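Single-letter residue listing:
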Amino acid sequence: MSRGRFGIHGGQYIPELLMSAIKELEEAYNHYKADPEFNAELEELLQQYAGRPSLLYYAEKMTKDLGGAKIYLKREDLNHTGSHKLNNVLGQVLLAKKMGKTRVIAETGAGQHGVATATAAALMGLECEIFMGKEDTERQAINVYRMELLGAKVHAVSSGTQTLKDAVNETMREWARRLHDTHYVLGSAVGPHPFPTIVKDFQSVIGREVKEQLLAKEGRLPDAVMACVGGGSNAIGIFAGFLEDTSVRLIGCEAAGHGVETGKHAATITKGSVGIFHGMKSYFCQDEYGQIAPVYSISAGLDYPGVGPEHSHLHDLGRAEYVAITDDEAVEAFEYLSRTEGIIPAIESAHAVAYGMKLAPQMARYQIIVINLSGRGDKDVAAIARYRGVNIHE
Amino acid sequence: MNRLGQAFSKGKAFIPFITAGDPSLAITEKLIPEMAGAGADIIELGIPFSDPVAEGPVIQAADNRALAQGVTTDHVFDLVKRVRQTCDVPICLMTYANPVFSYGTGKFMERCREAGVDGLIVPDLPFEEREEFLPACRQYGVTLVSMIAPTSKDRIRMIVQEAEGFIYCVSSLGVTGVREKLGDQVKEMVDTVKAVKDIPCAVGFGIGNPQQAAEMAAVSDGVIVGSAIVQIIAQHGENCLPPVMEYVREMKKAIG
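Order-wise, the sequence lines are chains A and L. If you're matching positions, the first sequence starts at 1 in my numbering and goes up one per residue. If you're matching positions, the second sequence starts at 1001 in my numbering and goes up one per residue.
This is chain A alone, in the form it adopts within the complex (with noise of 0.2 Å):
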């Protein structure tokens, strides 16, 4: 069996003319992940330039209208260029450029993963182009031009659903003609290792902050953790925090889109069966041919249709459980959280504010939850305002 699994997931599933890549990749990040220099540079980057730690808020008004569990708010809405892809990516283009790399790629769904890119490979001097679905880059046009503001540049997919999938694929295309200066800023907990790993490692910061701000502030760990889940990055970095902790429930949140009934969502783990697909063994939504199936979700970010490798292995050990919010819950948390707290979510962090919303009333006053606000939701606003029948222009 190859490296990189998580029980019977992960893998190294890719075309031989990227494994020389793949392994050169390996090497380095074990190499610079013992190496003290680059971990100095890393924490400073963090530190100096993405403004962490972040907070961790504790939203007593939402709290105290739910009448439930203590609600904690993890701020990663409040790092630099606006979520926690930034965490990642500026580890990822730190050790392309140790590895003497002049050039990254990457995919965006919503467009946070692609702004982070083009942002560190800005600061660090590195070329940069970016693959967005097509539809996406409708959906989200604000940050296309944004990308375009910081040097990179764009390509738009037109591929298959046009989707975040689809920009995997043509990532992974671009790479293989292009492989020698170039690193693949996979943006994901997903894909062939090491990516799931490397990915999980730079998001784990999440995670090691929330157990010490919150041991700090209420001198225990809480009681349930969640966060959302699309290939999930942010939510395996919480979770990274509290896996050995096994009183602490680790919960994800899917995108139920129209309803997991309905054929139109992106709730892989609660609707997938196991696959091989983007490199990695995981959960898919693909039908009894393995042909993967087009998914859906209000929100660009979650609208994946697999899971990443150590997310099924989480579900299937039941170390963590996974949920579906639909789109019409993620709006209304959305709404909600925008007018208890002043805080704008980004739709894909709604899904776990709306899970926290369904759980914090059933939970007894002492007990406490922290959600994983993965990014803010100014890019999500126009999106909304259409979706409650607002023809606002961006």
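Worth double-checking, as some hints may not be accurate.
25 Å max Cα-Cα, derived DSS-like pairs, lysine-lysine [claimed, not checked]: (1) Lys271/A with Lys1107/L; (2) Lys23/A with Lys98/A; (3) Lys1153/L with Lys98/A; (4) Lys358/A with Lys271/A.
Hints in this document: simulated from the structure, not taken from any laboratory. All values derive from a computational prediction rather than experimental measurement.
Let chain A serve as the given structure and place chain L on it in line with the hints.
Same frame as chain A, now just chain L:
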């Protein structure tokens, strides 16, 4: 020696690729024996996949055309079984890991044997993951074809030592699709293979015209041509048989 090995015993092999069900299953059923008659030594037959990450736009479009008509893995097995009644050209199925895995790997190989499939090419199954399919391939007598690429370098020895049938040599970086300039490392790759063991090497990716085919055949045991043929099929649709046969004859002659 099985049928795949024998295909290289009569001189340089010409291996056309087509996607099953493009433009229709009926045309594919005619294309296979007619291409064999026109000089094809092995047929590489694609089971369409929704997300073929190693393919360029031409073969992606062929997969989409086939899937849009509802072509399934079962249809492809039934097709091969019908072709086998009149034609014994070696057939290699080409598809991605997921259609095989999701069908049930053992069941997939059992149907391969029953239909008369000789080999299987899976672009997203590198050496490190071969155990996923290899035991079932061996059980049912299906040759799992190994691929090497210009980036393989030190990996070639390891791959070739365990390889069977023939080696699929990827000529250049990138994805499938005709290109003006092919990689210049093919001879070196083939020499490295032959130093390990005497196994036929067929070169694919990027070959479009007779001159390129002749150049690649000169340093190998055969050529694989996909996108150029699929483009003819895309252009002529149901009337693709005469132009495809003309092309196959021309290419076979060029490498002869």
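Verification of the supplied hints:
no.: 1; hint: Lys271/A with Lys1107/L; result: holds (24 Å)
no.: 2; hint: Lys23/A with Lys98/A; result: holds (16 Å)
no.: 3; hint: Lys1153/L with Lys98/A; result: holds (23 Å)
no.: 4; hint: Lys358/A with Lys271/A; result: holds (21 Å)
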